[in-house]
Amino acid sequence: MPELPEVETVCRGLRKPLEGRRLTKVVQRRPNLRFPIPDRFPERLTGRTVLRVDRRAKFILITLDDDTVLIVHLGMSGRMTIVAAGDAPPPGPHDHVEFETDQGMMVRYCDPRRFGLMDLTTADELKDHRMLKSLGPEPLGNAFNAEALDQALTGKRSPIKAALLDQKNVAGLGNIYICEALYRAGISPKRSAHTVPGKRSERLVREIRAVLQEAIEAGGSSLRDYVQASGDLGYFQHRWKVYGREGEPCQLEGCDGTVRRIVQSGRSTFYCATHQR
DNA sequence: ACGAGAACCTGTTTGC
DNA sequence: TGCAAACAGGTTCTCG
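Residues in the first sequence are numbered from 7 upward in steps of one, following the working numbering.
Hints listed in this document are in silico derivations from the structure and should not be mistaken for laboratory results.
Among these hints, one or two may not hold up.
Okay, the calculated beta carbon distance ranges per label pair [what the hints assert, rightly or not]: (1) Gly260 x Arg212: 36 to 46 Å; (2) Glu220 x Thr264: 21 to 31 Å; (3) Thr264 x Gly53: 55 to 65 Å.
Heads up, the beta-carbon is just placed ideally off N, CA and C, and yes, glycines get one too.
Whole structure, please, built from the sequences with the hints as guidance.
Listed below in structure tokens is the structure:
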């Protein structure tokens, strides 16, 4: 499920139950996710108070009062659920980690495919963490602009789709929002990355920011109802214009194209060959 | 050094 | 209906 907007939505949903709360109990049900979970993970977190919940790219960063930072990545199938600890249903086979707070809330991490990760570091070492150190600019931050994107794309022979998937160039874009942004910008996913700089990259930067912003707003508004109803974070409906719409007519005003699906870097790309050039 | 593809896992959907 | 193949929102590693 999770791309940047979903991760942002999860972070926002975690702030209320976690920020300022002391962790009274941490349960770890398996030794690893994508990578090993650090030694004595529950012991190192229990009794600590959460200061902040932040996001960097698709990573959730939970800062504790002893300067420990818990890094969480949801991978492809990771979910966070918030329930009152007393009402928690019995854990399923993929409920790998749980955090309980002094207010009696439980945050439960479920990840069937286990492509996610949890790691511990310190605030000082965070920037040098192997998962974070080579990330490019945040697409919604000031450092991401046409000049920065141009520089990242210069000399790149790969298709623009692959270049945007590379977190070194922009941090946080995933398969869906890349398809959506290229569609909105009228750029073919097959176009060689080094031919994008100029007018095209200005448009692309605008559309990337816009599509992410709209998805976050949709997530934020669905969050209120959704968390109350099910406690399940990180899953919200959003209307994609091209993603998953193979064979459907292009929705762009005045375009008579049809959405196609191709495979690039082993991932599905959806686009309209008529107006995306 | 770069880019394409495989690998890591499980669950769900598609197609014969 | 049943079973196998294809596919899924991410990242890292290997190989050419």
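Do the hints match the structure? See the list:
no., hint, in the structure
1, Gly260 x Arg212: 36 to 46 Å, "violated (20 Å)"
2, Glu220 x Thr264: 21 to 31 Å, "holds (24 Å)"
3, Thr264 x Gly53: 55 to 65 Å, "holds (58 Å)"
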